[in-house]
Amino acid sequence: MYRSQKLSLRYFTAAIVLFGVMILFGLLSALYYLYPSMLFNVFNFSTSKILHIDTLVIWLLMAFMGAVYWYLPKELGHEVVGMRLAEITFWVFCAVVAVVALVFVFVQYGSANEFTLWFINQGRKYVEAPRWATIGVVAVMLVFAYNVIGTAVKARRMTGIMWVLVLDLIPLLIVYLDAFPAPTNMSVDLYWWWWLVHMWVESTWEVLIGCVMALVLMDVMGTSRRIVEAWLYIEVMLVLGAGILGLGHHYFWIGTPRYWLGIGGFFSALEPLPLLGMVIHSIYDAGMHRMKTANRPAFYWITAEAFGNFIGAGVWGFMMTLPQINLFSHGTQWTVSHGHFAFYGAYVCGVLAVFYVAKQKTAGTEFLDGRAWKWSFGLFNFGMIGMVMGLLIAGMAQAFYGRAIGGSTLMAFTQASENPWFIAGMYARMGFGVIFALGYVVLVYDLLTAPRRVPAPQTPMEPA
Amino acid sequence: MTPAALIETAVLLGLLVLAGGGYAGLYGYGRLRARPALVAAATACWIAALAIALAIAVVTPLDAGWKVLVVVSAIVYAVIPPATWRYLERLHVAEGEGP
Ligand code: HEM
Ligand code: HEM
Ligand SMILES: [Fe+2]
Chain A
0 MYRSQKLSLR
10 YFTAAIVLFG
20 VMILFGLLSA
30 LYYLYPSMLF
40 NVFNFSTSKI
50 LHIDTLVIWL
60 LMAFMGAVYW
70 YLPKELGHEV
80 VGMRLAEITF
90 WVFCAVVAVV
100 ALVFVFVQYG
110 SANEFTLWFI
120 NQGRKYVEAP
130 RWATIGVVAV
140 MLVFAYNVIG
150 TAVKARRMTG
160 IMWVLVLDLI
170 PLLIVYLDAF
180 PAPTNMSVDL
190 YWWWWLVHMW
200 VESTWEVLIG
210 CVMALVLMDV
220 MGTSRRIVEA
230 WLYIEVMLVL
240 GAGILGLGHH
250 YFWIGTPRYW
260 LGIGGFFSAL
270 EPLPLLGMVI
280 HSIYDAGMHR
290 MKTANRPAFY
300 WITAEAFGNF
310 IGAGVWGFMM
320 TLPQINLFSH
330 GTQWTVSHGH
340 FAFYGAYVCG
350 VLAVFYVAKQ
360 KTAGTEFLDG
370 RAWKWSFGLF
380 NFGMIGMVMG
390 LLIAGMAQAF
400 YGRAIGGSTL
410 MAFTQASENP
420 WFIAGMYARM
430 GFGVIFALGY
440 VVLVYDLLTA
450 PRRVPAPQTP
460 MEPA
Chain B
0 MTPAALIETA
10 VLLGLLVLAG
20 GGYAGLYGYG
30 RLRARPALVA
40 AATACWIAAL
50 AIALAIAVVT
60 PLDAGWKVLV
70 VVSAIVYAVI
80 PPATWRYLER
90 LHVAEGEGP
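These protein sequence lines map, in sequence, to chains A and B.
Numbering that gives the first Met the number 0 numbers the first residue of the first sequence as 0 and each following residue consecutively.
Numbering that gives the first Met the number 0 numbers the first residue of the second sequence as 0 and each following residue consecutively.
If you're looking for bench data, these hints aren't it; they were derived computationally from the structure.
The C-beta atom is built at its ideal place from N, Cα and C for all residues, glycine as well.
One or more hints might be untrue.
Claimed, not checked - A few chain B residues facing chain A, derived, Cβ under 8 angstroms:
1. T8
2. A9
3. V16
4. G19
5. G20
6. A23
7. Y28
8. A33
9. L37
10. T42
11. D62
12. V67
13. L68
14. V71
15. L90
16. H91
Go ahead and model the full structure; you've got the sequences and the hints to work with.
Written out as structure tokens, the structure reads:
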């Protein structure tokens, strides 16, 4: 095992721990919807939700970095350069996250001044961490970039996948930075903040997970490099072609010019297309390489990623991406439904596949299978689908009663929150959230226990 | 947009993409296993997608531009799964991994 793969395992461990923290705060956040005055002024919903969604971003980033550290030396046939620095920054990263989390829990918020921006909370959804921590994260990312690029230079080698990855890291970092200058004009502020959120999840992360999936496909299913690379290029072109201007679907109601209605609606309506291509690709590869796969959990999670990405992002996103619909659905639980489904389908499923790749390597088994992973696979998917269905119903009730009938007044909002459909949706989300959490428990159990030695099947499992 | 039309339109838009997914998925699986019945079901999904697109054009209060976009993309979409499939096949044959 390469030294950087040991670091990967550390990143994966940290990611899984934060995944657990995220689920805990997700459950807690959901509870406020059932008991709205719970912990009032002691530990408010807003803080709980911040912890939920900030850990989401951080654990996925850590898992991505782990995945790159895992495959980099294999790809380039060279140990990663700057490993000492990388190992130190891992601990720096963890320390930054821990301190920020403690500040969020115990200090929570400050008055509207520079001190708060620097040391408590920047108040930007998904990236609330104060400025000093943002600088810390940037430093970590710079070291990461140095590791990747330095290794390529040292190895005097570059593969197509690595090119895509390196070129993708540049905008990924730049849009992270563009969100922090804190202009006092709310429209300007949101304008740039959306670059961060949208360009991450619908462009740069989508490309990054494309690279990771390409690497896993070669690894787990033995797909040839030329195939995954040819496919990756097409996917990247389509994702960026639709995704960049798809940004406009967040510029409908924030004070940006009218032309964004057309641009945003049009380009984001094209966004499901590449996701469909990935479904076809995954069916093709799954079918062609089914018998060769020696890692069943990874295989199932990659397949789930293709479908989940398509349905969560493609179908759920398309439902509300035209401005005439978004006018009513904007910012309701409908959005939350899409947010959960898309993040889960596109990123969580993919990252779980990588965890199982690492598990197989560390366990040293030829063939990875078993019972526990199936339980966790089932509980996760069942819990998530139940959650997003509950949220969809709740969100539609909000759009229907609160917006379309009630005319978006505060009174109408309150009344919609007391509507039986809304309340039922909130209970469903809580219940299915618990099921999702059980999936996590089984996942951790499964990853920590040594696999039983299952002999690789001698005969094909199923005729192709 | 009336409250009922809002939900109808959104659901139709969702179903449109889902039917497109059904077309792509069934087409891919049908070709993979060489099962004409599945490929036929895939075609049925595409017809459903087209019907949904036409329904969107006729019954919903979306602006004309969106209706054109929806119907045109549903029509163009007919060729995408087969074209993707042919491309993947060519790619795999070139790599000696062909079916
Ligand atoms: C036990 C499981 C979970 C529960 C109970 C839960 C609950 C919640 C709650 C209550 C909110 C606040 C929504 C609001 O502002 O009204 C939220 C937001 C969010 N959660 Fe979760 N969550 C869970 C798992 C997840 C997972 C697995 C992901 C990602 C894969 C995720 C991603 C998000 C995102 C992106 C938001 C922000 C959505 C928005 O405001 O539009 N959550 N979650
Ligand atoms: C992996 C891909 C995607 C992820 C992870 C994702 C995630 C999210 C999240 C978390 C939000 C809520 C943002 C917030 O207000 O805090 C959101 C909003 C939105 N997404 Fe996506 N999304 C993805 C792809 C798509 C696609 C492909 C479409 C369109 C076809 C789309 C359409 C929208 C729209 C219209 C909104 C705004 C909702 C509103 O106005 O409240 N998304 N997305
Ligand atoms: Fe977006």
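Right, here's what the structure says about each hint:
For the restraint placing B:T8 at the interface with chain A, the shortest Cβ-Cβ distance is roughly 6 angstroms, inside the 8 angstroms limit, so the hint holds. Proximity of B:A9 to chain A holds as hinted, the smallest CB-CB distance being about 5 angstroms (cut-off 8 angstroms). Against a cut-off of 8 angstroms between C-beta atoms, the interface hint on B:V16 holds, since the closest Cβ of chain A lies about 5 angstroms away. Against a cut-off of 8 angstroms between C-beta atoms, the interface hint on B:G19 holds, since the closest Cβ of chain A lies about 6 angstroms away.
This hint holds: B:G20 has a C-beta 6 angstroms from the nearest C-beta of chain A, less than the 8 angstroms allowed. For the restraint placing B:A23 at the interface with chain A, the shortest Cβ-Cβ distance is roughly 5 angstroms, inside the 8 angstroms limit, so the hint holds. For B:Y28, the suggested interface contact is upheld, since its CB lies about 6 angstroms from the closest CB of chain A, less than 8 angstroms. Annotation: interface hint on B:A33 violated; nearest CB of chain A at approximately 10 angstroms, more than 8 angstroms.
Here the hint on B:L37 is broken, as its CB sits about 11 angstroms from the closest CB of chain A, past 8 angstroms. Using the Cβ-Cβ criterion of 8 angstroms, the hint placing B:T42 at the interface with chain A is not satisfied: the shortest such distance is roughly 15 angstroms. Annotation: B:D62 was flagged as interfacial toward chain A, and the flag holds, the nearest CB pair being 7 angstroms apart, inside 8 angstroms. The beta carbon of B:V67 is not positioned within 8 angstroms of any beta carbon in chain A (closest approach about 11 angstroms), and the interface hint is therefore violated.
Proximity of B:L68 to chain A holds as hinted, the smallest CB-CB distance being about 6 angstroms (cut-off 8 angstroms). At a threshold of 8 angstroms, the smallest CB-CB gap from B:V71 to chain A is about 11 angstroms, leaving the interface hint violated. Satisfaction of the interface hint for B:L90 is found here, the shortest Cβ-Cβ separation to chain A being roughly 5 angstroms, below the 8 angstroms cut-off. For B:H91, the interface hint holds, since its Cβ comes within 8 angstroms of a Cβ in chain A; the closest pair sits about 6 angstroms apart.
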